[in-house]
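Chemist: Here the protein sequences line up with chains A and B, keeping their order.
Going by this note's numbering, the residue at position 191 of the first sequence is 223; the numbering climbs one at a time, nothing skipped.
Going by this note's numbering, the residue at position 98 of the second sequence is 104; the numbering climbs one at a time, nothing skipped.
Hints are supplied without guarantee of correctness; some may be wrong.
Partner residues aside, some chain A positions facing chain B, computed with beta carbon under 10 angstroms [unchecked claim]:
#	residue
1	L60
2	S67
3	I69
4	I75
5	W88
6	A91
7	Q92
8	I184
9	A185
10	E228
Label pairs and their computed distance ranges (CB to CB) [stated by the list, open to error]:
#	chain 1	residue 1	chain 2	residue 2	range
11	A	P119	B	G245	48 to 56 angstroms
12	A	Q176	B	T264	53 to 61 angstroms
13	B	A56	A	V58	37 to 45 angstroms
14	A	S231	B	P155	45 to 53 angstroms
The set of hints was computed from the structure by calculation and includes no laboratory data.
All values reported here derive from a predicted model rather than from experimental measurement.
Cβ coordinates follow ideal geometry from the N, Cα and C atoms, glycine included.
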Amino acid sequence: MGALGLYARYAAASIKGQMQYPASFVMLTIGQFLSTIVEFIGIAALFARFQNLGNWTLAQVALFYGTVNISFALADMISRGFDVFGPLFVKTGEFDRLLLRPRATALQLLGHELRLTRLGRFLQGGLVLAIAVGLLDLSWGLPQLTLWLGAIAGGVALFLGLVVLQATLAFWTIESLEVANTLTYGGVAAAQYPIEIYSRWLREFFTFVVPLSCIAYFPIVGVLGINDPLGAPRWFLYVSPLFGFAFLSIALLIWHLGERHYTSTGS
Amino acid sequence: MFVTLMRPYLSIFTARFLMMLQYRVAALAGIATQFWFGAIMIMALSAFYASGHGSAPITLAEAITYIWLGQAFLGLLPWNVDPEIALMMRTGNVAYERLRPVDTYCYWLARAMAWRSAATLLRAIPLLFVTTVLFEFFGLEAWSLRPPPSFAALSLFVLSMVAVVFLSSAITTLLNISVVWTVSSQGINVVTNSLVLILSGMVIPLPLFPDWTRLLLLLQPLAGLVDIPYRIYFAHLSGGDAIAGIALQISWTIFFITLGRLLMTHTMRRFQIQGG
């Protein structure tokens, strides 16, 4: 069986498991929706008071917000295995069993759980995105659509890369470190606004260290069809999502290094 | 007499408090996260204020102070059920709680107060130190937490923060009791979480919401967790208004304690312990 086929089986088993408790699933999904939508209510209230954010309108910010929330929701949905890697796999020695199986450990961890409750954030992002698209008068040709889908795919790759790096740390620290949440949740919080509004050091951090701007800010500026206030050339806007994939590749390389360093806790 | 009556609850408070102080690394990670979120919120708010349209009831410096106080005292928010009590409900160990020769409601309230305040103390002190003293030192005055304008404001703020501990613990205890019906605490947590964040003023300072919502937002119980004490701090609420704010916090606390006690009596009377 190919990797994709195997992943499909993992996913199907996980979905079936979660559907054993449909009421709990529905409640948690609604909860996710509510706890993420409050952020947008806050942003909308600020726009009601100040009219605009620098040169940006509410509809434009909603496009950034919706896109990055959809990317993160998808990445969060599939990355549960890496998220709980420290306490659930390293500390317990469970990782030994993964190593014995003739499949890539990264694939097995991806298959650990497909968290359906993350649909709550996904739907919230989708709703905000729909509002943005409704308010903005954009031309949705093939280039814009491809670019937007590229931003989503690159975003999933980037957030997945961050969680893989967080899990890799557990090879050394055994426990998972909460600090990584600063980059995942904190990254979403930062990228739901156009990064043009931030201080230079933060913009540079989000471009050259963790290329969050390449999966949110630059492609969305491309979709909006405006000139980038930060002065990036037009062609760059269209290739920027590729940096998300580059980030994931580097993260996976580091993961393999960590794997080689792994010694079982023996429990 | 009073001291003898209070002694078991004081012991519970001290024991829990000391236990919570053990989680130092978690606190350190939490502080890093809070700096990050605080910085992002401040940059976004600065950009909104710089847009120059509309008028805001609080200045940018006041809004920044509001945000840092919010990050420092984040742990005081009653955003979840005590996981240990939730576990007791599931395993049936809650029966032991009923056997203790103390009032279960007061016992849980004391527990909640220790839990919330210890978790906060560890995070608040370093965060307040860095945002006031170090920011000033490194030339980040624009981003710093300003000192309160007067001694009166500071004293009223301290009084109001004491009320926050009581209000938050009363709400937490109410949440704990409500686990009796739902057995799982997850559902309660997610709904409370979003309500507390938006209505207390953690998402954005409450005065920045549209003006017509001002009175409604002030009168609802969750304003007493964040909005009232912080506005007292920078004297946006001063004198009679500050006293009225604290009175409002106390009224809501009494309301939640009464409601909690009633529910506790009601549920415990026909309470069935889950076997196992």
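Chemist: Confirm or reject each hint.
Modeler: For each hint, the structure was consulted:
no., hint, result
1, L60, "holds, 6 angstroms"
2, S67, "holds, 4 angstroms"
3, I69, "holds, 8 angstroms"
4, I75, "holds, 8 angstroms"
5, W88, "holds, 9 angstroms"
6, A91, "violated, 15 angstroms"
7, Q92, "violated, 13 angstroms"
8, I184, "violated, 22 angstroms"
9, A185, "violated, 25 angstroms"
10, E228, "holds, 9 angstroms"
11, A:P119 to B:G245: 48 to 56 angstroms, "holds, 52 angstroms"
12, A:Q176 to B:T264: 53 to 61 angstroms, "holds, 58 angstroms"
13, B:A56 to A:V58: 37 to 45 angstroms, "holds, 43 angstroms"
14, A:S231 to B:P155: 45 to 53 angstroms, "violated, 28 angstroms"
Violated hints, listed in ascending order, are 6, 7, 8, 9, 14; each of the other numbered hints is respected by the structure.
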